[in-house]
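Number of protein chains: 2
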Amino acid sequence: MNFSKIAIIGLGLIGGSLALAIKQTGFTGHITGIGRREENLIKAREFGMIDNYTTVHEEGVHDADLVVLASCTGHFTDIMNSIKTGLKTGSIVTDVGSVKARIVQTLDDMMPQGVSFVGAHPIAGKECSGIDCASADLFRDSKCIITPSAKTVDHAIDNVIELWESVGSVVLHMNPEEHDRIFAAVSHMPHVVAYAVVNTIMDVNPNILHFGGTGLKDMTRIALSPAELWRDICSSNKDEVLNVLKKFSSHITALIAMFENSDWPGLEQEFIKAQEARKLIESD
Amino acid sequence: MNFSKIAIIGLGLIGGSLALAIKQTGFTGHITGIGRREENLIKAREFGMIDNYTTVHEEGVHDADLVVLASCTGHFTDIMNSIKTGLKTGSIVTDVGSVKARIVQTLDDMMPQGVSFVGAHPIAGKECSGIDCASADLFRDSKCIITPSAKTVDHAIDNVIELWESVGSVVLHMNPEEHDRIFAAVSHMPHVVAYAVVNTIMDVNPNILHFGGTGLKDMTRIALSPAELWRDICSSNKDEVLNVLKKFSSHITALIAMFENSDWPGLEQEFIKAQEARKLIESD
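For the protein sequence lines, the chains are R and U, in the order given. Reminder that position 137 of the first sequence reads as 137 in our numbering, one-by-one numbering, no gaps. Reminder that position 179 of the second sequence reads as 179 in our numbering, one-by-one numbering, no gaps.
Next comes chain R alone, as it looks inside the complex (with noise of 0.2 angstroms):
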C-alpha cells in the first residue's frame, strides 16, 4: 500500500471495518481514528482497529497521507472546513458515501492545491450500525464503486484501488451521475419501499407483523437500517431516487389496474418477468 499514515474520519460499521481490514493486512504504517465521541474512539483502540486518536480533526489529519471521511454524508462539508487548511500536500480525501454526485462536486471544489479526492462507495453493509458491528472481512469478496471526477488525478485514483483491493474489495469505475442513477434504482427505492412495507402493516392492524414469515422477515430487514443515514442518502440524491420511485408507483398503480379487472394472465406475467430477472443474480 502507498500509503504510511491513514486518518479515519467516523469509526462506525464501515470506518471501523475499513481500519481492521487494512490492519489484517498487514499493515505496518500508522492509523490514525477521528470522532467526536471519545469513548468510541477508545473501543475502536482497545479492538485494535487504530494506533491512535483524537477528536480534533485538524489535529488528526496533518501527517497523513490518506484521509478517509467515513462519517455521515450530512458531516462532510463541516469536516472538510475543519481539516483543509491542515491538509499535508500530495496527500489524498476518499469518502465511503453512497450518494457520489453531489459529494464528488463539492468536495472537488474543496480541496486545497496539492490535495486529491477520490470518491468511493464500498457496497457493504449490515442493518445493524456502529463500531461493535465492525469486521475485518466486512469488504472481501464484495464491489466498490470509484467515481473519479474530471478533476481527479489519476496516481490518486491508482492508490484508492489498491487500498479496497488489498482489503478484498472487486473495484468498479462509474461517473458519479451514473453511481447515482443506478444505485437510487437498486438501493434506495428498494430501502424506502422496504420501510414503507412495514408502515403499511401497521396501519392495516398493528399486531400482525409477527405473523409474517421469512418471507417477509427477509423482505423487510433492510427497514431496520438507521434512519438518519437514509434520510441523508435520500436528500443528498433526492431527484434520482423521485424519479425511481414514480417508476415504481406507476407499477403498483398498474398492478392495482390488474387487480381490479381480474386480469389474472397479465399479473402472471409481470410475476414471471420479475421472476426470470431475480434468478440472474440468484448465484451472484
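Treat the hints as calculated values from the structure; they're not laboratory data. A couple of the hints might just be wrong.
Said to hold, decoys possible - Straight line, CA to CA, 30 angstroms or less: simulated DSS-like cross-link-like pairs of lysine-lysine:
id: 1; chain 1: U; residue 1: 43; chain 2: R; residue 2: 279
id: 2; chain 1: R; residue 1: 279; chain 2: U; residue 2: 151
id: 3; chain 1: U; residue 1: 126; chain 2: R; residue 2: 126
id: 4; chain 1: R; residue 1: 217; chain 2: U; residue 2: 279
id: 5; chain 1: R; residue 1: 273; chain 2: U; residue 2: 217
Given the coordinates of chain R, assemble chain U onto it according to the supplied hints.
Using the frame of chain R, we list chain U on its own:
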C-alpha cells in the same frame, strides 16, 4: 395420531414435506400419494414419503381417514368433484392453501354427508418449489393457522390440530375472513411489491440488478416464488389484497410528496416508525 390411512393430493414442497414429517413422527399407518405426474409420485416413494401412489384421485382416497389437499388451490374444486363420491364416511378433508375464505366456503359446501372439512394454512415455505425442495423439518417451530367455519365439526378440528402439532407446528385459530385480511397484509401484498421492485429496476436499466447488495437480494428473494401459485393466491384473495395494495400505494404517494417538498424530517419519522416496528419481530 388418530389417523391410520392418510392420502395426500399433490406432492410438492408442502405435500412432500408433510408426508416426510409425518413419517418422521414414527407414524405406523399408511400414506398414499396422489398426483397427476407419475414420475413425481415414483420419486415420492423413493424418498420414503409415501407407501403407495395412484394418479386416479378417487382410487387413492377411498379408504383414507384423512385427505390432504396440497395441490394448487386452483384445482381444489375439480379434485373435490372427482373424489367426493369416493370419500369414506367419517373421514376428514383438510388443505394447506394460503387463502382461506373462498376455499373454506366452497369446500364446506362440497363435502358429502359424514365427511368434515377443516381449512389449514401452514406458514412455511421456501422460494424453491417442488418435491426436491421438501424437507421433514419444514414445519418445525412454524405457525399453522386452522380456520374453522360455523360448519366445522369439533372432533375434526382436534384431529387436524394434532396432526400439525405432531410435525412441530404451533397451531393458531382464526376465522377464514380474518386470516385472509391478515395474510393479504403480511404476505400477499409484500410478494406483489417484491415482484414490482424487480420490474421497476429492470425498467430503469435491465443490466444493473447485480449492483444491488445483500439488502436487495434479501428484499427481492420472494420474487423467486412460483408465479402461478401467487397469481392464484392473488385472485383468490382479490378484495383483501387490493385493499392493502391501495393503502400501500397511498404510502408511496405520501413519500413521493415528502421528496418533492424536501420534507426530510418527515421522511426520517416514517423511517423511524418502520424501523421500530420491524425491530419487534427481529428476535421472533
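Status of each hint after checking the structure:
no., hint, result
1, U:43 with R:279, "26 angstroms, holds"
2, R:279 with U:151, "44 angstroms, violated"
3, U:126 with R:126, "23 angstroms, holds"
4, R:217 with U:279, "10 angstroms, holds"
5, R:273 with U:217, "16 angstroms, holds"
The structure fails hint 2 only (numbered hints given earlier).
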